[in-house]
Amino acid sequence: MEALTDAGLVQAMMLGGAGALSAEAELYRRFAPRVESYGRKHLRSTLAATDLVQDVLLRVVDAIRGRRLEEPERLASFVLGTCRNLTWGAHRAEEKRARLAQAAALNADLARDAASAPLEQSVVVQLLGCVSRLPGREAAVVRMSFWEDRVAEEIGARLGISAGNVRVLRHRALAKLVVCMNSERTA
Amino acid sequence: MCVTLELVAAWVLGELPVAESEAFEEHFFGCDACASQARRVERLVMQLAAALPPVLTPERRQVLAAQNPRMPAIAVEPGQRATIRLGGAQPVGVWVMRAPLDGATRVDLEARAGDMALFALVDVPFDAVLGEVVLACQAHYSALPGGTELRVRLTVTGLGGERPVGEYILDHEFESL
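These protein sequence lines are chains R and F, in that order.
The numbering used here puts the first sequence at residues 1 to 187.
The numbering used here puts the second sequence at residues 1001 to 1177.
These are calculated hints, taken from the structure and not from any lab test.
Hints may contain errors.
Partner residues are not named here, just some residues of chain F that face chain R (Cβ under 7 Å, in silico) [unchecked claim]: (1) Phe1029; (2) Ala1051; (3) Asp1123; (4) Pro1125.
Glycine is no exception: its CB is placed at the ideal position from the N, C-alpha and C atoms.
Working from the sequences, and respecting the hints, build out all of it.
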């Protein structure tokens, strides 16, 4: 099933039988993580994102079974559209909030989620090692953003750069940290 | 669409303009690699949020103390050596490095273990009124290279320019985890 295109998955589900069950399982495997990421980003809560996965995929499966998905090759767009429909109210509120709040709000929500799962020793050592290998300003932005709960404007004022540059450095630093954490794990 | 890890990170943090975010999402739902990268960035952000910062703000120290009511807090003066014991029932502790910080506008910190430079942090949080910089440590650090003795130097910037405060010798005894 992994080799099937999105359109192939839809066809298999519409045919019914055992193949349809396997296709549904593959649909879940393929799209659940994307819907969850979308939900976490727009709803700012892991719990709400998990609920969104169930709601969206139930509707998608229902639409396929009911043959309401007219363009099977556009399954991914249909899943995204369903996500948008179901999060519309929260999405508007989130946009407004995003203009008002910054990374600190994200940190607070993620920290609540993370608090229930203390880091393993190997992860702590890896993380500190990777942060310490970042160039100075990127390391400072990461530290001030995630460990000192400072917003981009404040970090920018301290480092003598604009808030926009702080965000660019933050994205660059996170990208480097992802690569570093991944390379150390696989080394 | 050319998707970089930086773009994925910006999307995960909610820091893309609305139009760019929506364009990215159109691509994201049909892209296996992007989905995997987004999960990695999310995991990293959660790890950063869950990690104990090296230097604590007063707010973070309060939260940590509330979570660990018996957390040791060892005060140490410049030029002094002190020891903290961690592990078992005491997984975390704090060093309270005392320093004359009246009028300070910035404090930089440099830490070495043996011959190894562990980290150099610019503009760390400090409490000018109490004259304190609070360094967190945890039993997990027993796996860091360089031994158990940490030598920390503070440099204070204020009205009179930049001045070194001195060196703090922080020794750690770790019970096995």
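Check your understanding: In ascending order, which of the hints set out earlier in this document are inconsistent with the structure?
Key -> Every hint satisfied by this model.
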